[in-house]
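Visitor: Here is what each chain is made of, one letter per residue.
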Amino acid sequence: MELFLYTALFAPFVGSMFAAFFGASPKTLIAGIVPSIMLGVSLISSTVLLVFVLSTGQHVQVEMMTWMHTGNLYIPFGFNVDQITVTMMMVVTIVSTVVHVYAIGYMSHDKAFNRFFAWLSAFVFSMMILVMSDNFAGLFIGWEGVGVCSWALIGFWYHKESATWAANEAFIMNRIADLGMLIGIFLIYWNTGTLQYAESFEAMKHLDTDILTSIGIFLFIGAMGKSAQFPLHTWLADAMEGPTPVSALIHAATMVTAGVYLVVRSNELYALIPNVGLFIASLGAFVAIFAATMALVNRDIKRVIAYSTLSQLGYMFAAAGLGAYWVALFHLMAHAFFKALLFLGGGNVMHAMNDELDPFKMGGLGKTMKGTMILMTLASVALAGLFPLAGFFSKDMILEAAFVEHHYIIYTVLLLTAGLTAFYSFRIIALIFHGEDRHTALGFHPHEAYPFMIKAMLPLAVLAAIAGFARPYYFDMVTAILPDTEYHIHSAATYWIMTIGTQLFVITAIYFAYKKYMSSDIKVPDGTSDMENSFKYKLLINQYYIPHFYEEFLVKPYRSLSRVFWKEIDMKIVDATVDGIANIIYSTGENTRGMQSGNLSTMLKWMVTGLVILLSLAVAFGMAAKYTNLGV
Amino acid sequence: MMEIGLSHYLVLSTILFAIGLVGVMRRKNLLLLFFSTEILLNSVNIAFAAISHYYGDLTGQMFAFFVIAIAASEVAVGLGLLIVWHKRHNNIDLDTMSSMKG
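If you're matching them up, the sequences are chains A and B in order. By numbering that gives the first Met the number 0, the letter at position 45 of the first sequence is numbered 44, and the numbering carries on one by one without gaps. By numbering that gives the first Met the number 0, the letter at position 26 of the second sequence is numbered 25, and the numbering carries on one by one without gaps.
Just so you know, not all the hints are guaranteed correct.
[Stated by the list, open to error] Capping the alpha-carbon separation at 35 Å, the derived lysine-lysine pairs in DSBU-like fashion look like this:
#	chain 1	residue 1	chain 2	residue 2
1	A	369	A	110
2	A	454	A	522
3	B	27	A	604
4	A	514	A	369
5	B	86	A	604
6	A	535	A	360
By construction, these hints were calculated from the structure, which means they are not laboratory data. Being a predicted model, the structure only gives us computed values, none of them experimental.
The task is simple: from the sequences and hints, build the whole structure.
Guide: Here it is, written out as structure tokens:
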């Protein structure tokens, strides 16, 4: 099994290196095909590992080599494939294989085609390290690796000012959170003396609650950055500047779920500190509704999907915080499939519309883009959580968990969010594919994507449709290492009322979305309607003014502070000191080089001068020593 | 009748040293430079001998002999070089000796 583990881990790396060889040359088709094949190899190896773990219930544990061994510190490059890891590996490899194949078509006209695949595969490699490592140090390497790759891919079109800005925003915001994570890791090492998951979680059982609480909080700060939870959420919507396959893979399916993975992985820690868990759940529920409201009005399809991702991450954290770790992981998996599908569909629409993202300028695209329409509708139904698609099973479980745990506020918030989710998902579906044709008048001539791109999306569609039915098997598998709490509502009547009620609520929301946005009097908004001038709309379209707030109260003061440090302290003190020393030496040389005339007579005179000076110094010091009694 | 003591010798030595020093600085003729150097060395020899006598310790006088020996060899080498220089350039003016200038 070790062979399969190494293959699954290093195949993406090989693909990345291969594409990187062609990095500077113009589009080479093979630089896209080889990484995709390597991803396929990784997918097959992961499947073998899944079957192994599923059938035997054992873990695959390897220690590749020692990384650090000094004193009591021992950190190996160790990998461990258990039930949680294998779930993540499957999600990562399935989605990334699909996205790689899709991107061959999507990026086919881009002149940096090869560079794209080098980075994309490097991302998958980092993500595999993140999920497969058996210690916090390895997790941190992967954590930073995905951060770097995310930065490079958001800023992939670096000639665009907005793209580089968004890339830096994402990177810097993650860096802030990573500091918290690093402190958490230090605390773990300090208190338990090891970074191996198994040993440190074992040691945590004997630790003081205060220490555990701070470890839990610091680790969660790291998770908040990576999973874009409030207040570090603004980077995710801006990250949509990157190419759409990147948004699908990194900013929907895999990297942003790393925070959830961290919480699930540290379940033994969070089980000891239920207060922090409650905080995580509350924050998750808040983010769920907070992001969903922003998605209601946005006029950029990718941003709407990004907010929806944010909202679904909130669901996952709500579940994880309530101790329903397996539910969180299950929703993570289901979400990865349908959200990646939704993003890739969005990519098709973007291509068809020459990168136009405003759904109000589309309308009636369903006639020309049937395949994309069906896939995106399917993904939206799954996202909305309608029976029998994946979202129904996973999202319903989260609602039930909240209900059974008697957190009714969280339950209500999440239920409301489910309605909002259905509404905004079908708002963009209705605006893009149905209703009046508004794009022809604007000079767009949409066309369907390459057939192989549609075919590449099919596996995701199938999984989004049927993944929900795997829940019982999934439960049996992961509960070998996760708490096996089943969330059953005691009274059957309540259960059916809740389930059917939720379904009806969601269907009503979808109906309203269609009714409102399919009507023929939808026009491209021009900022004159009452709705657009209302306070609510302005609040939501400006993302609750949080980016403004950050700009005004954090970025600008920081910039002026940096300016002061640069102009006043760096230039006037540090630079001036260094330059001053150099200038003294330089001018001394300049002024005294006249001595070196080569004339013996002059040099003798200088020699005598030197002698006189040294002699007088000797006399002066001799006197001084004598009269201060130092010499006595 | 005044007794001639150590200080007289030292004053003489100092005066000679000053004369030698001025000579070293002012003279442009290489030959006269050697004379000045000899004056310097011998002023020191006087001081050595006088102090040696004053303390009744022969080390100083012995040292003076060393100085004489070294002065002699220095002059021998120096005069040899001087003759070679004079043969080549037909003068021994210090100001013309600047071929080492960087």
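Visitor: A separate judgement is required for each hint: does it hold in the structure or not?
Guide: Here is what the structure says about each hint:
Annotation: proposed proximity of residue 369 of chain A to residue 110 of chain A holds, straight-line Cα distance about 29 Å (limit 35 Å). Our distance criterion of 35 Å between C-alpha atoms is met by residue 454 of chain A and residue 522 of chain A, whose separation comes to about 34 Å. Restraint check for residue 27 of chain B and residue 604 of chain A: satisfied, since their Cα atoms lie roughly 12 Å apart, inside the 35 Å limit. With a C-alpha separation of about 21 Å, the suggested pair residue 514 of chain A and residue 369 of chain A falls inside the 35 Å cut-off, and the hint holds.
A hinted pair counts as satisfied when its Cα atoms are at most 35 Å apart, and residue 86 of chain B with residue 604 of chain A qualifies at roughly 27 Å. Between the alpha carbons of residue 535 of chain A and residue 360 of chain A the distance comes to roughly 23 Å, so the proposed pair stays at or under 35 Å and holds.
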